[in-house]
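**Q** Since chain A is already given, all that's left is putting chain B on it; use the hints.
Each chain is listed here by its residues.
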Amino acid sequence: MAIEQDVLVIGGGLAGATAAISAARTGADVRLVSSKQPTLRHASGLIDVLGYTPDGEGPLADPFAALSDLPEGHPYERVGRDAVEAGLALFDEIVGNTYEGNHTERNALIPTQGGRVKPTARYPASVSAGLASDERDALLVGFERLAGFDASLSAARLNATGVPFTARGAAVEFPELSSADPKVTRFAQLLDRDEGVDAGRGVRREVTERVTTHMDGEDRVGFPAVLGDDHPEEVRADLESHLGAAVFEIPMGPPSLPGLRLEDRLYDALDEAGVRIETGNPVVGYESKSRGNGVETVLVDRTGSTVPYGAEQFVLATGGLVGKGIESDRSGVEEPIFDCHVAHPSDRYDWFADDAFGDHRFARFGVDPDRELRPRDAHGKIEFDNLRAAGAVLGNYDFAAEKSGSGVSLATGSHAGRLAGENT
Amino acid sequence: MSDADSPDDRGVPDGERGDANEDFEPVEVFPEGDLDLRSGADSCYKCSTCDTNCPVAEVDDEFPGPKFQGPEQWRLKRKEDSEIDPSIMDCSNCMRCDDACPADVPLSQMHNEARAEYVDGQMSKFSVEYWRNRVLANYRKGAWLGSKVPRLTNALANNGPLRKLGEKLFGLTAEREFPEFATETFREWWEERGGAATSKKRAREARADRGGADVQSEDKRVAYFHGCYANYNTPEVAKAMVRVFEHFGYEVAVPEQGCSGTPMFANGMLDDARRDAETNVSNFSDLIDEGYDVICSCTSCSMSLRQEYPELFTFEGTADVAAHTYEALEYLRIHEDLRGALDEAEVGGEGEELAYHAPCHARNQGLDRQAVELFRDLDGVGVEDVGDSCSGISGTYGWKAEKYDTSMAIGEEMFAEMADADGETGMTECPTCAMQMEHGTGYEIRHPLELLEDALVAD
Numbered sequence: 003m004a005i006e007q008d009v010l011v012i013g014g015g016l017a018g019a020t021a022a023i024s025a026a027r028t029g030a031d032v033r034l035v036s037s038k039q040p041t042l043r044h045a046s047g048l049i050d051v052l053g054y055t056p057d058g059e060g061p062l063a064d065p066f067a068a069l070s071d072l073p074e075g076h077p078y079e080r081v082g083r084d085a086v087e088a089g090l091a092l093f094d095e096i097v098g099n100t101y102e103g104n105h106t107e108r109n110a111l112i113p114t115q116g117g118r119v120k121p122t123a124r125y126p127a128s129v130s131a132g133l134a135s136d137e138r139d140a141l142l143v144g145f146e147r148l149a150g151f152d153a154s155l156s157a158a159r160l161n162a163t164g165v166p167f168t169a170r171g172a173a174v175e176f177p178e179l180s181s182a183d184p185k186v187t188r189f190a191q192l193l194d195r196d197e198g199v200d201a202g203r204g205v206r207r208e209v210t211e212r213v214t215t216h217m218d219g220e221d222r223v224g225f226p227a228v229l230g231d232d233h234p235e236e237v238r239a240d241l242e243s244h245l246g247a248a249v250f251e252i253p254m255g256p257p258s259l260p261g262l263r264l265e266d267r268l269y270d271a272l273d274e275a276g277v278r279i280e281t282g283n284p285v286v287g288y289e290s291k292s293r294g295n296g297v298e299t300v301l302v303d304r305t306g307s308t309v310p311y312g313a314e315q316f317v318l319a320t321g322g323l324v325g326k327g328i329e330s331d332r333s334g335v336e337e338p339i340f341d342c343h344v345a346h347p348s349d350r351y352d353w354f355a356d357d358a359f360g361d362h363r364f365a366r367f368g369v370d371p372d373r374e375l376r377p378r379d380a381h382g383k384i385e386f387d388n389l390r391a392a393g394a395v396l397g398n399y400d401f402a403a404e405k406s407g408s409g410v411s412l413a414t415g416s417h418a419g420r421l422a423g424e425n426t
Numbered sequence: 006m007s008d009a010d011s012p013d014d015r016g017v018p019d020g021e022r023g024d025a026n027e028d029f030e031p032v033e034v035f036p037e038g039d040l041d042l043r044s045g046a047d048s049c050y051k052c053s054t055c056d057t058n059c060p061v062a063e064v065d066d067e068f069p070g071p072k073f074q075g076p077e078q079w080r081l082k083r084k085e086d087s088e089i090d091p092s093i094m095d096c097s098n099c100m101r102c103d104d105a106c107p108a109d110v111p112l113s114q115m116h117n118e119a120r121a122e123y124v125d126g127q128m129s130k131f132s133v134e135y136w137r138n139r140v141l142a143n144y145r146k147g148a149w150l151g152s153k154v155p156r157l158t159n160a161l162a163n164n165g166p167l168r169k170l171g172e173k174l175f176g177l178t179a180e181r182e183f184p185e186f187a188t189e190t191f192r193e194w195w196e197e198r199g200g201a202a203t204s205k206k207r208a209r210e211a212r213a214d215r216g217g218a219d220v221q222s223e224d225k226r227v228a229y230f231h232g233c234y235a236n237y238n239t240p241e242v243a244k245a246m247v248r249v250f251e252h253f254g255y256e257v258a259v260p261e262q263g264c265s266g267t268p269m270f271a272n273g274m275l276d277d278a279r280r281d282a283e284t285n286v287s288n289f290s291d292l293i294d295e296g297y298d299v300i301c302s303c304t305s306c307s308m309s310l311r312q313e314y315p316e317l318f319t320f321e322g323t324a325d326v327a328a329h330t331y332e333a334l335e336y337l338r339i340h341e342d343l344r345g346a347l348d349e350a351e352v353g354g355e356g357e358e359l360a361y362h363a364p365c366h367a368r369n370q371g372l373d374r375q376a377v378e379l380f381r382d383l384d385g386v387g388v389e390d391v392g393d394s395c396s397g398i399s400g401t402y403g404w405k406a407e408k409y410d411t412s413m414a415i416g417e418e419m420f421a422e423m424a425d426a427d428g429e430t431g432m433t434e435c436p437t438c439a440m441q442m443e444h445g446t447g448y449e450i451r452h453p454l455e456l457l458e459d460a461l462v463a464d
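So the protein lines, in turn, are chains A and B. Per my numbering, the first sequence starts with residue 3, numbered consecutively. Per my numbering, the second sequence starts with residue 6, numbered consecutively.
Next comes chain B alone, as it looks inside the complex:
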């Protein structure tokens, strides 16, 4: 309601004032579906700060930027017969614009919605691009199959001629090496180890060791959202998460789960995302009722559960899951004396120097500095922040043949900063940022949880 509608309006003589409740019939100016984003569009005052934070716009003059893709496009498409501009597919869903906006415009939500509308209504379901994107977005399905025969998959995936063929026929860049599949998935390891029962036992022992307090604990429970990558490709990260949390006395549960949805949002496959989200929300909210908090080890997964789910879905329990989801490091910083523990700890070896890159999805959660801050106090290791640039790969984005050059142009600043840093090992929370860091510099990349495990969990 504008000022002019106010019954207190001084410009209207008393006799002409009607009873607002009786006479006022709201006119629906912008008929809407599920998501009414008008208030967001109205909040944009065109300061363009989002555009100056967009890593794609930085290297691609043709990309109109988040201000256009969000509030401006939202208004334009109020007109009948208006179409979504295809450039929406050039947005990499880094979500930096959200953090940049001083007016709280829900930019990434607008982009997700516009992208889904574009894919639904304007993209041919018979195009190679559509199917390529769909396969990339549904990485988990391919990974499930691939992980059944990991050695064969690894050999095939990194066969040069096959990769060239993949680029030609399917639009997957031949420049990148596929991530290796682990010979044993995390879930296989977890089951083998005895699942939640073993974790409960170990957590209890750890609590007893730490002074006997809380041997019976109702609160020290976490449900692990491992995501696809830690399960199929880097189970060492997932194992580190389990061991570190058990070390602090937490009982870990690993419920059945699908993909977090990040690659699906980024490719406009909202229906695919909705299916997995429903499974995740249902399984995790059951555990939240039993006193569990949800822990992620990938910042895109936690971003998705915390922010994108409530923005896009309305399943029962969605808000509950969002409110109880944390990044692993973040959770320990809040609930444990992690600083004290690291003060006393050290990592062996020659004094390793790590070049740390904060993923965009850590930045958006305000977690971009926590690893550097935390490991500052740890003996035997130095962590250097390599700056605030985006790595450029953005999940599936950098795998697309037509986006590869953009992806590498964005990453250039990070590669240079890494080369300037003292160490020759990288560190980041995001598996695809890790891929890009490795691809651009040849460095080995670690996860902060692995470093925590080295420092805190004695063999």
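Just chain A, with the same shape it has in the complex:
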């Protein structure tokens, strides 16, 4: 057996990356294995801790004040406030000045692509001029042929939510694009490279010329989040100086540039921490230790052949129903790698509520851990001594309704990773 580490982390999203970095910082030799490209590029890039209580109260101004009231079994209840703060501190350190929000424990309100306002704890610097609590009037600018953002509609909805400013919408044609169906990354690349449109005038200048004709004294201008991939700070600074106004990004759906940029930053941090990274092959099973109830190896499917990977400690960070860390079919719900217990009603008609925005049981499907994040069986007994779970694979919380997905990933990822590293 030749592929062997102190700690092996399964999953390459926010929880997995955080776990791997935390484990590496204890001095452990760490490998991260992820079946596909990380799904961070599907995420908005906003770091929510808790926007609403499980009962639907909110938006919450102070997420930390609500932590102590969470029900037993909620991931935050399991790890405690210190772990939430440690996860955020690790995040703040990794992203440096590319993110804001760490000056206060309070949530910020960020306008979304659909013209709603979302409470979040940390946000990319590129969205900070767009805060909904800011009283400056805003012009929202959409690009023709960029699907998913209708600036006028977003502006109208924002005004209807009662923001303390006036928003207006406008759409402009993006220069240099010939495709009928351009990808978001294409907009970003053109802005990154700032290639000439004519007579040495670059794309950035051309965009701002077109936007200027729509401006009516607004001090800030919001664009869909496509303002650069490799050089977003430079792109935004250029647009600001040409427009003479603050520029902000409005987070968009997948594939998302803020998510991609965050992914780059996290993977650089993994590299710096000396973590060995493998993406592209799924973990499909495990072998137990011959003695005790530990995991000896996990089995990685490498395009047809199955290869064992050994470690002393394992972290399961494979995501929830969408990330396929939890799977379901008509007969039941399961955690597919270790077959950890996932509580669910036996009648699948009880998995959901009839109301689309009702209290769906499936949203809280996941493994049920002890306070060290070791998954427990139906009787509350620890399933494996050396396996911990983090992120969306955990049950007992509804990240979509609570707006707590990133915070849980950071808190449980850093907690599980540190404990895994310390136990080697």
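For the record, the hints were derived by calculation from the structure and aren't laboratory data. Note that beta-carbon positions come from the ideal geometry of N, C-alpha and C, so glycine has one too. Heads up, a few of these hints could be off.
Cut-off 27 Å, straight-line C-alpha distance, at most; resulting in silico cross-link-like pairs (DSSO-like, lysine-lysine) [as the list claims (entries may be wrong)]:
1) LYS326/A - LYS51/B
2) LYS169/B - LYS206/B
3) LYS51/B - LYS120/A
Away from chain A, derived, C-beta distances all over 10 Å, residues of chain B [said to hold, decoys possible]:
4) ARG139
5) ARG168
6) GLU182
7) PHE183
8) ASN288
9) ASP348
**A** Same frame as chain A, now just chain B:
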């Protein structure tokens, strides 16, 4: 079956429930041939992540991208009289979309199938393009002929006026220099050296040297799939593979073999690919029965045997070959203490810095970081990853006159990263990526196996 068909459906009063097994007659909505790709098309939820990973779409606004070429085109062509969009020929078969898709849509399989259908049904068999593609796809045949008179071939192939003529008449770009043919092919060297019998002897000696264990070994056997390029153009890579494996005590066999099929898939020549695949599967699965694993030194070859064969062919033994195929470095990492061996080793000289590029087909197998990870521990050498861009040549793609500019535009990012890296020597597992790296930067390019040979096999 949808929820509505369920006999447990609560919406249906008990009295109206029929016996599903008796009454249910499935309706064939999408009549299909060999490959039913409907489940793949149905899994696509249009997140477009594949499109943002496509190196061709990145530089070519007209290219509709993998989402269209795969699931969308598959649905469109259910209609009678619908044709495959010619843009399928602009896909370079890098297969990055497979790795990007969060829903496991078999994108490259859909592209391969659509391309084959396009070439079969819509491309004129009398066109220069068809024959140019066919010759490129069947590189091995030309290489076999060329290698009989390597010096003459090298001289002719790189004659400037002749290359210009080739571009004009045949659509082969005059911008590129043809890869040189070795004066002795790997197979010639292998036979000269005594073939499998010599390898067995050397492996046995190595095992004896390493402590006497397993002097008789049934498991330390590998069958080498060298592919065309290592045979005709870079036999030094193939020789390094043999020496490194023998050093670890493996008996190497080199069975008769054809092309892996990668260039044929990429040009929609599925019949040509099927012929060679049948030979390969048959010869290699025989050896697998005798305890051999299959080793490749080119990541496109291993990708083909592992993924594309089972997706496209049904010969007996196909799955077996797929399950027993490995990249050379990967195999040693799994079965030997390669890290330990490299920890103790060093390469002589001035401390070489290598700019490493991971081929797309290594990336898709999850092998994109292994060379960097492994050589991190080796004294006397530094390996720097030059990032995740595609080299742009994609086998035969960058040889086509009309694709040359696209190919170079894709490669630009890699060239820049290489120029920024400390070293002036490149490293990669893929022979055509190596060609592109050399073409774009002028650097000499090595294969990780050559570095392993330097580090581990004493002269």
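**Q** Quick check: which numbered hints come out false for this structure?
**A** 2
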